[in-house]
Amino acid sequence: MSNIKKAFENGKAFIPFITCGDPDLSTTKAAVIAAVENGADLIELGIPFSDPTAEGPVIQNANLRALSNGVTTDRIFSLVKELREEVKIPFVFMTYSNVVFSYGARRFISSCKDIGIDGLILPDLPFEEKGEFLPITSEYGIDLISLIAPTSENRISMIAKEAEGFIYVVSSLGVTGVRSEITTDLPSIIKVIRENTSLPCAIGFGISTPEQAKKMADISDGAIVGSAIIKLLEKYGTDAPEYIGEYVKKMKDALR
Amino acid sequence: MTNSDGRFGIHGGQYIPETLMNAVIELEEAYEHYKNDTEFNKELTELFNDYAGRPSRLYFAKKLTRELGGAKIYLKREDLNHTGAHKINNVLGQALLAKKMGKTRLIAETGAGQHGVATATAAALMGMECVVFMGEEDTKRQALNVYKMKLLGASVEPVKTGTGTLKDAVSEAMREWTKRISDTHYCLGSVMGPHPFPTIVRDFQSVISKEIKEQLKEKEGKLPDIVIACVGGGSNAIGSFYHFIEDESVRLIGCEAAGRGVDTFETAATIATGRLGIFHGMKSYFCQDEFGQIAPVYSISAGLDYPGIGPEHAYLHDIKRAEYVPVTDGEAVNAFEYLSRCEGIIPAIESAHAVAHAMKIAPDMERDKIIVITISGRGDKDCAAIARYRGEDIHE
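Chains A and B are the protein sequences, given in the same order. For the first sequence, position 119 matches number 620 in our numbering, and the numbering has no gaps at all. For the second sequence, position 185 matches number 196 in our numbering, and the numbering has no gaps at all.
There could be a bad hint or two in this list.
[As the list claims (entries may be wrong)] Where chain B lies over chain A, by a calculated footprint (3+ residues, C-beta under 8 Å):
hint, stretch
1, 524-537
2, 566-578
3, 624-633
4, 696-703
If you are wondering where the hints come from, they were derived from the structure by calculation, not from laboratory data. Just so it is clear, CB atoms sit at the ideal spot from N, CA and C, and this is done for glycine as well.
The following block holds chain A by itself, in its conformation from the complex (with noise of 0.2 Å):
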């Protein structure tokens, strides 16, 4: 059984996203576990790429930040596994293609396995490309994340089926970001899914107040929030995992 499943097993699902290395290393390491200390059910750990198409340019900022300060994979593998020593709750990487591909998806893919991720998600890697990576996940147990997006319309079902893992609906046209307003008609969506696939779908981009995580975990299972994050990030830096910390604690009691 996937070990994602249990994220989903103390009631709604908080899931905050953190870039690795942004600013440093040991603050990535101080902000999970005040993450995991303060409620938070997964966490979605970002490997930074230099050119990330998917996201706003809160993210894209951190990326760069990261990046900026000498943050390479094999240090956020050296990073995870330190981790794993402390915290349990499953750990997925989101990252982009190019960044699995170049280091060599194999060498990638088990070395998720020996450190402790038990899932991988890539934005710019759709339905009909996943074979590319698929093969492998399979074989070490990694589950391959599918996203949904409002765009996805006659696509639900056909992903849905094959999903692994979650499903993570993206709430919204664009990249991530804050959004004041969440105007997609997610329950139809989720409906689909539903019907489709008994794995649990969380709702992410947009999502920055415990109202709207509320509202978006009451017609799914979860809530993931990551640029909300990452501004504490940019304006707290190394002083952040406190203040991470507590807006875990808060957006976890909304769920509860």
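With chain A's structure known, arrange chain B on it following the hints.
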């Protein structure tokens, strides 16, 4: 050459966010329908001929040939097209297709500004809204083209992220497309990005090689021995090569921008210095570091300043059907000046990369051999930058 799954050998594909998948599927279906539609092709041919001024001339460069003292050199004059470059061929095709699909807004990326100007032109002609994304660095290098786009009614969005060049403009245009899909067509300017773009852009640009073949047959009664074109993403090159791919006696040479040299970090020569990767929707060769981070490439030419190459070129390289050679800034600038003085033709600095390579190989070829160089665009836009390169500051 395209496989059913949008691949050229192992290259190509559709590595894009799920949000865009239905948009590219819709585009592919529309293109499959219209590409063989008589009415569509009639309209496009009229636009090519009456609006863009096609067919472009195939000019025998007598003086250049004599001075270099070897092969006969013909210039395919894409610089004489309306808007001054080959970019208009693709843009008229895509804008017409977008219009048929019911889209009312065009977005585009641009490097040197030629594709941006062409898109703004087509948008004005067809009554569509137009937004062009251009790296901030390039808006400075190509201020005249920024003005032209605005004059044509487009809005120009300077892109400040990354290196502020073509790759960042492509990323930003892709981001914009995910925000607004229903009324918007992304008019991609080169043979790159996710399927079906590399195929669509190639087909619209293939008019270049179709004409070269007919024109040379009329003038010389035979095929050329070598076709040379510059390659960034590679649209004028694939357009120049396409109808010769099956003619194995014709050597196809793509000239990449080596910048300050392929042994420096300031280069944009993808085949010479890159390796296989996945970026901007496609699998192809990219300049990147050991962890797959895309390299901040450099060339004096904003239009060739891109860290990748179109997937069909990557395939032609793999099967050794085409050769790709690096040409430095210095060599390109010399060729820019040389062609201006020798033939009275100021080529775009992009096209000057192709001229530079022809200058290297023509003298050693026999006089009955024929080289065709595609002059992809005119060089007016580059005069200020070349003057600066030579230490002269001019005000436009």
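Here is what the structure says about each hint:
1. 524-537: violated (count 0)
2. 566-578: As far as the stretch 566-578 of chain A goes, the hint holds, because 4 residues have Cβ atoms under 8 Å from chain B.
3. 624-633: The restraint on the stretch 624-633 of chain A holds, since 8 of its residues have a Cβ under 8 Å from chain B and three suffice.
4. 696-703: violated (count 0)
The structure fails to meet hints 1, 4 from the earlier list, while all remaining hints are met.
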